[in-house]
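Enquirer: As you go down the protein sequences, you meet chains S and W in turn.
Per the numbering used here, numbering of the first sequence is gapless, rising by one per residue and ending at 287.
Per the numbering used here, numbering of the second sequence is gapless, rising by one per residue and ending at 328.
Keep in mind that the hints were calculated from the coordinates and are not lab data.
A few of these clues could be false.
Part of the chain W face toward chain S, derived, beta carbon under 10 Å [what the hints assert, rightly or not]:
no.	residue
1	102
2	110
3	115
4	125
5	243
6	300
7	309
8	312
9	314
10	317
With a straight-line cut-off of 27 Å between C-alpha atoms, the simulated DSSO-like cross-links for lysine-lysine are [unchecked claim]:
no.	chain 1	residue 1	chain 2	residue 2
11	W	324	W	3
12	W	186	W	2
13	W	2	W	324
14	W	324	W	183
15	S	89	W	186
16	S	89	W	3
Which residues of chain W face chain S? A few of them, derived with a C-beta cut under 8 Å, are [claimed, not checked]:
no.	residue
17	94
18	99
19	118
20	239
21	301
22	302
Note that beta-carbon positions come from the ideal geometry of N, C-alpha and C, so glycine has one too.
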Amino acid sequence: MPALLSQLLLGLVNGSFYAILSLGLAVIFGLLNVINFAHGALFMMGAVLSWMAMNYFNVNYWVMLVAAPIIVGLFGVLIERLLLRWIYKLDHLYGLLLTLGLTLLIEGGFRSVYGVSGLAYSTPEALSGGTNLGFMFLPNYRAWVVVASLVVCFATWYAIEKTRLGAYLRAGTENPRLVEAFGVNVPLMVTLTYGFGVALAAFAGVLAAPVIQISPLMGQNLIIIVFAVVVIGGMGSIMGAILTGLGLGVIEGLTKVFYPEASATVVFVIMVVVLLIRPAGLFGSEK
Amino acid sequence: MKKISLVVYGVLLLALVAAPFIGFYPVFVMKVLCFALFACAFNLLLGYTGMLSFGHAAFLGGSAYLTGHALKVWHLTPELGLIAGTLAGALLGLVFGWLAIRRQGIYFSMITLALAQMMYFVALQAPFTGGEDGLQSVPRGKLFGLIDLRDDLTMYYVALVIVVAAFLLIARTVHSPFGQVLKGIKENEPRAISLGYDVNRFKLLAFVISAALSGLAGSLKTLVLGFASLSDVHWTASGHVILMTLVGGLGTLSGPLVGSAVVVLLENKVGDFGSFMAHLTGVDWFNTLGESVTMVTGLIFVICVLAFRRGIMGEVIAFLDRRKGRKA
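Isolated chain S, as found in the complex (with noise of 0.2 Å):
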């Protein structure tokens, strides 16, 4: 019993970063229209970075939970301005392929400087230690991912729903001629929208950093992971995107528990499942 739930809680963690990570490329691929393969990278140098600013300049935790995502956020505005907007009138693979060369050049980067070893980073002392529930004992890390997820998941849900903002946003990806006759900036709104998105990836590279093994090849299995959730969950929905990455990593927590061998393959194996049922995806219209 205590070991399914803390895979359940561990499954937990997991897909809290799959909902971060489908939610930035949802939002991305709804108004840019490129399937920013590049997440991946930008989620490991949220973590690299981390590690690199407590190694190098004694930064904590908290400081970089908040830096990791501005300055990464700004690095794709630098790549949104300087190499997507050449490619919007383009068919979509392109923007797949150039996502993929800038995911190379990015983790050969790192590589080139880290190798592929793991590096250690320590769980801020606040959170570190775990509470007993009673019933389990709770790692406190653990918990405060979730939660923390979870406020910026619904943050993001609210913001782009409810707000005029949001609205714009909605707008523009409906029909972004139509919005930029309104007098609304479009191209503006493009570059912070991609600068926003690979923010969210940063931020659960930082959050990740002390729970998973941080090395320069750390986005590569995650973001072909999100892609399948991606697939099953359609990206037609915000809430859609949040609720299948959360799902997900429950169901893959349970399965280590029951099947450690399919543990690998689970979400896999239920992308093909969805895409016989129901091939637009769980929350997903046919676009």
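For this one, chain S is given, so just place chain W on it according to the hints.
Expert: Relative to chain S, chain W alone:
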């Protein structure tokens, strides 16, 4: 134009036949040939049908393992090993394609990538693949029980015949009525549907052919190099074949041939180039270039997408067309 390309292909074929005698290392050329076949098969899908599969590593690697297993454990003859690998690629392609063509565009790419990743984990965990070590020391055996392939030169000509035959098959497919329908689907899928074509069947068949030939490439690679490893099933192999096709020229017959030669050469020589530059300029950083192949690959991707989308052969063909236009 037709005449020119015939002459060029003739010269290329002669060069390949003569390659071992003019100083090229046969095993290296065979490796290039395998990747050329892989890229041509991939291009059939992306260049001529407009479907970006991000999972072709599964066919290359899956067949590589199967052939390795067939030769090493079941002691099959090489031709049976190759046939088994090709069939396995086709079967896997049938399953992947059947699932993936339910979605279009970018979703199609993500689905194929995810399915291939599943295949990767299977290869990592399955008992007969050798896990992290891969399948080592696969024997080449005797073709039809007669021709000893242990000799590199014999192996080279057998591989050359296979690759040329597969290339002709692809060329024939592209120029057949079937290939024309595929091009039609690429240009405008709704119109192809309204003309009464069962688009999904055409797509699936193209996918299966592409997967089968990718499987053949993987099998041949195992036979030539004597091993199958995890890097064949890893998603970076799928990225590689995309790069080869893109560099050479999407939707051109000769593009993938050129692209694969360029990419394989680059990967093998970038380290040498680095140490050469370090020697020349005295800048120590160049020595690390060999370890930064990934970055070089990424850079080429970015440049190709932004500025060089037609690829090498695409540019050449466009140049020839322009000249012809000026003459007329």
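Enquirer: Confirm or reject each hint.
Expert: To see whether the hints hold, each was checked on the structure:
1. Because the smallest distance between the Cβ of residue 102 (chain W) and any Cβ of chain S comes to about 4 Å, under 10 Å, the interface hint for this residue holds.
2. Because the closest C-beta pair between residue 110 (chain W) and chain S is about 4 Å apart, less than 10 Å, the hint holds.
3. A least Cβ separation of about 7 Å between residue 115 (chain W) and chain S falls short of the 10 Å threshold, and the interface hint therefore holds.
4. Using the Cβ-Cβ criterion of 10 Å, the hint placing residue 125 (chain W) at the interface with chain S is satisfied: the shortest such distance is roughly 6 Å.
5. Here the hint on residue 243 (chain W) is kept, as its CB sits about 9 Å from the closest CB of chain S, short of 10 Å.
6. Given hint, residue 300 (chain W) at the interface with chain S, holds; its Cβ is 7 Å from that chain's nearest Cβ, closer than 10 Å.
7. For residue 309 (chain W), the interface hint holds, the least distance from its beta-carbon to any beta-carbon of chain S being 7 Å, beneath 10 Å.
8. Hint status for residue 312 (chain W) relative to chain S: violated, with the closest Cβ pair at about 16 Å, above 10 Å.
9. With its C-beta approaching chain S no nearer than about 14 Å, residue 314 (chain W) sits outside the 10 Å limit, and its interface hint is violated.
10. The restraint placing residue 317 (chain W) at the interface with chain S is violated, with a minimum CB-CB distance near 19 Å, outside the 10 Å limit.
11. Annotation: proposed proximity of residue 324 (chain W) to residue 3 (chain W) holds, straight-line Cα distance about 13 Å (limit 27 Å).
12. For the suggested pair residue 186 (chain W) and residue 2 (chain W), the alpha carbons sit about 24 Å apart, so the restraint of at most 27 Å is met.
13. Pair hint residue 2 (chain W) plus residue 324 (chain W) holds up; C-alpha atoms about 12 Å apart against a cutoff of 27 Å.
14. Taking the CA atoms of residue 324 (chain W) and residue 183 (chain W), the gap is about 24 Å. The hint holds against a cut of 27 Å.
15. Between residue 89 (chain S) and residue 186 (chain W), the direct Cα distance comes to roughly 17 Å. Compliance with the 27 Å bound is thereby established for this hinted pair.
16. The suggested pairing of residue 89 (chain S) with residue 3 (chain W) is violated, with an alpha-carbon distance near 36 Å, which exceeds 27 Å.
17. Nearest Cβ of chain S to the Cβ of residue 94 (chain W): about 14 Å, over the 8 Å cut. The hint is violated.
18. For residue 99 (chain W), the shortest C-beta to C-beta distance to chain S is roughly 5 Å, which falls under 8 Å, so the interface hint holds.
19. A hinted interface residue such as residue 118 (chain W) counts as satisfied when its beta carbon comes closer than 8 Å to some beta carbon of chain S; here the least separation is about 4 Å, so the hint holds.
20. Hint status for residue 239 (chain W): holds, given a least beta-carbon distance of 6 Å to chain S, under 8 Å.
21. Evaluation of the residue 301 (chain W) hint against chain S yields a held restraint, the C-beta minimum of about 3 Å falling below 8 Å.
22. Here the hint on residue 302 (chain W) is kept, as its CB sits about 4 Å from the closest CB of chain S, short of 8 Å.
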